[in-house]
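S.K.: Here's the letter readout for the chains.
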Amino acid sequence: MSRVMTKSLHLAAALLLTAWIAPAQAFDIQRVVSDGGVEAWLIEDHANPIIAMNFAFRGGAAMDPAEKGGLSNMAVSLMDEGAGDMDSQTFQGKLEDLGISLGYGAGDDSIYGHLKTVTDNRDTAFSMLALSLTKPRFDQDAIERIRSQILADLAHQQQDPQAIAGRALSKTLYPDHPYGRASEGVEASVKAISRDDLTAWPTHRLGRDRLIIGVVGDLTAAQLKPLLDSTFGGLPEKADPVAVPEVQANATGHVEVIRRQIPQSVVLFGEQGVKRTDPDWYAAYVMNYVLGGGGFSSRLMTEVRVKRGLAYGVSTGLSPYQHGALLDGGTATRNEKTAQSIALIRSEWQRMAEGGITPQELADAKTYLIGSYPLQMDSTASIASILVAIQMDNLGIDYLDRRAALIDKISAEDVQRVAKRLLDSKALTFVVVGNPAGLE
Amino acid sequence: MSFARRLAVLAGAVLLMAGPANAQMFNPETFTLKNGLQVVVIPNHRVPVVSHMLWYKVGSADEVAGKTGLAHMVEHMMFKGTKTVPAGAFSKIVAQNGGRDNAFTTADYTAFYQNVAVDKLELVMKLEADRMANLKLEDKDFQPERQVVIEERRMRIDNEPEALLEEQMTASLYQVAPYHHPVIGWRQEIEGYQLSDIVEFHKRWYAPNNAVLILSGDVTAAQVRPVVEKYYGAVPARPVPTRLREAEPDPVAARSVELRDEDVHQPSWNRAYLAPSYHQGDTTLAYPLQVLSEIVGGGNTSRLYKALVMDKKLAASADAGYGPQALGETSFDISVSPSPGVAMEQLVPAIEDELKKLADSGVTEQEVARAKQRLKISVSYAKDSFHTGPRVLGAALTTGETVADVEAWPSRIEAVTAAQVSAAAKAVLQDQRGVTGLLLPTRPGDATVSDENRAQRSMGSFGRELR
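Protein chains in written order, with the numbering used here: chain A, 1224 to 1663; chain B, 881 to 1347.
Where hints are given, some of them may not hold.
To give an idea of the chain A side of the interface with chain B (calculated C-beta under 10 Å), a few residues [claimed, not checked]:
1. 1272
2. 1318
3. 1324
4. 1339
5. 1371
Pairs of lysine-lysine residues, derived as DSS-like cross-links and limited to a Cα-Cα distance of at most 27 Å, are as follows [claimed, not checked]:
6. A:1317 x B:1192
7. B:1186 x A:1317
8. B:1110 x B:1016
Derived by calculation from the structure, the hints in this document are not laboratory data.
Note that CB positions come from ideal geometry on N, CA and C, so glycine has one too.
Given the sequences, and given the hints that come with them, work out the whole structure.
M.R.: Below you can see the structure in the form of structure tokens.
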């Protein structure tokens, strides 16, 4: 999956953390600090005998050296491929037999992981996670197998017009920055990664000073504390500093066409957005909903799909990074109408920049963005991931209680201001993969 | 995953959780209205929200010749207005009330859902019952929506070599059964629908006695029953046609389809074997085949993964899948991707060798015990998400199963023996029951297929959910 699209989808999940039915009524978030000083946020839920823990380390694939692009992705792909005295088959077999879900991922700005287990297997599950975090084996045969799977995945992306477009847009908007590179790397960089690179990786990157933990389910704070120490206590106290430069999107208004003999053109677009810490974040959040984030309630969906039947979908999203931000989106239209879809998107961009939103649009955006919040909380694992996201963005343990008010206070003038600031239809940059008519 | 597919993200994510491994032990409450509407309530009180889903017992396999894809087109048009709710207003009203809605169509069922705060349940129930009874459509809304569906077809199928191959395999696997044609329909037939086709299809199938209402979340049957009576109870029952799933004749020839495309960089080998479902064919094989699927392709310690990926290092991935929930016969599927640099000619004999071993020698007691344990432990997670129960029960109740069948899943899996799994492998993994699908890059010198030809030659899709 391409960087730009991944970010936006992640965002779609992470951002809908708005409170309407005050979640504090449903959940009591406890801040748990172990004897060894490991902190986690916990929501006890004893309705089902299940425990879910999500965690993340600040600093992600953007820290990978360019010539070893994909190092973080490859390292995390190997951390559940054998640890301690268990080789890959033994480790994987034990997880499968006990119904334990354990895995890792590498984002641009963080390394993340998850653990899910039934209560009966709790201690085994946490000890297997501890092993994989602190004693991953990086056996040579596992390295070659995972490398080959990553290369197969990269080859597969080359036949997916969405993936091609996503990679191209990232590269265009961030030509000289790690955010412009695919977090999985490229064929040459993946082939250049050595076992030494991999074995060194955890000690440099997985420090307790970078760690964020969210736990939900069938255990108490007293039960969690010793598990935090036994699981994370063996990690280095400090990791390498996160050295990723701040970056502005290189949005020039260019339309890049990548020719493929397919009947429908995939269109992605983007320009500079707002970071999560920006004072105008919530105003931009409301604006995006009206522009293209709100499905059938959005202006773009009305113009492109409903009125003209030009696409099955069109959407926009805020894609914040830790060191940059995009406002981006996408659609897919038959080749002979692609230019028309692009013109419509630019024109909606301009209309919003000039006129902002109506009182009705503002009210509808607020009721949705606030009211749909609890719909996210559909499983122990999804709630655990929300706890991690709140900590990652430094929003505070009372964030769920404050969220509704933060959105509710946004005025039409706030939206107008941020629309003027952000939306530049001439700078909005497009990548088209397909065989569009009338575009060079 | 694309931006354009964001609408389908929720449905897709939930589907992944709703495989047979999770189909168990939801302890639902049920009742039936006088007009025949079956109601299932799955209480889950973690957060004050509810998922309201209405499932109709109609899908693309219930269409008539020449109008393929009509069930899916009707699903789209359900958002285009009633006597009192204007076109396009349905989803906007749901969103204005902090809710999310969508719908999906498969070969056997069509479902509509809204996820809302529990105090908005009555509102969405009123809206959903209204479009069952009072759909009122206009050509000015139909024409652009048909274009939307054609764009959806281009996006999901015509632009994707893997989807094109899957369509070809499906059309080849089902020679007689109405699963032969794609859920989204043949392009030229989508272009031929009239508005009257939509209206008639809706009138024929969208009746309360042909639907199942599933509520999952912070509700109980006692709470919701009066509201269900009020809105859905007011819609009169009417006769609904019998659903036909013609049985396949005994397969006599192994079939193979090959799709070459200049954009293919990662080839794949796929096989679909005609297999019984819970409802048609030798249904006694349905539980053993689920255990077989787990042994053959469930995770990184499965037979195929171990043999092809770990030991012989020929493949990057190897998966098996079997979906027993279907009114007609279904398929047992295997999919393998070669490692970079490995030729298909090297890979295929190794796959065939493993499949032959399975059919000839069967499985061991130990393999079956492990597979059953894994399936059994998945029961523990079934009640975690409030989306899993409705997806599993909805698919079951629209494909001939009962609530009791779903609840009995763990004990029926437990009862499966190694001898039964071996017998199932022997019965199903036969060359003449299978269609092999190869996805390959274009050979140097091959003529390039033009856009339109490529769009035209695409066919077949089954098990795919479409909105």
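S.K.: With reference to the structure, classify each hint as holding or not holding.
M.R.: Each hint tested on the structure:
1. The closest approach between the C-beta of residue 1272 of chain A and any C-beta of chain B is roughly 6 Å, which is under the 10 Å cut-off, so the hint is satisfied.
2. Taking 10 Å as the C-beta contact cut-off toward chain B, the hint placing residue 1318 of chain A at the interface holds, the least distance being around 9 Å.
3. Among the interface hints, the one on residue 1324 of chain A holds; its C-beta lies about 9 Å from the nearest C-beta in chain B, closer than the 10 Å criterion.
4. Interface restraint check for residue 1339 of chain A: the shortest CB-CB distance to chain B comes to about 8 Å, inside 10 Å, so the restraint holds.
5. A cut of 10 Å between beta carbons decides the hint on residue 1371 of chain A: the least distance to chain B is about 5 Å, and the hint holds.
6. The suggested pairing of residue 1317 of chain A with residue 1192 of chain B holds, with an alpha-carbon distance near 22 Å, which does not exceed 27 Å.
7. Between residue 1186 of chain B and residue 1317 of chain A the alpha-carbon distance is near 15 Å, which keeps this suggested pair within the 27 Å criterion.
8. Distance check on the hinted pair: residue 1110 of chain B and residue 1016 of chain B sit about 22 Å apart at the alpha-carbon level, within 27 Å; holds.
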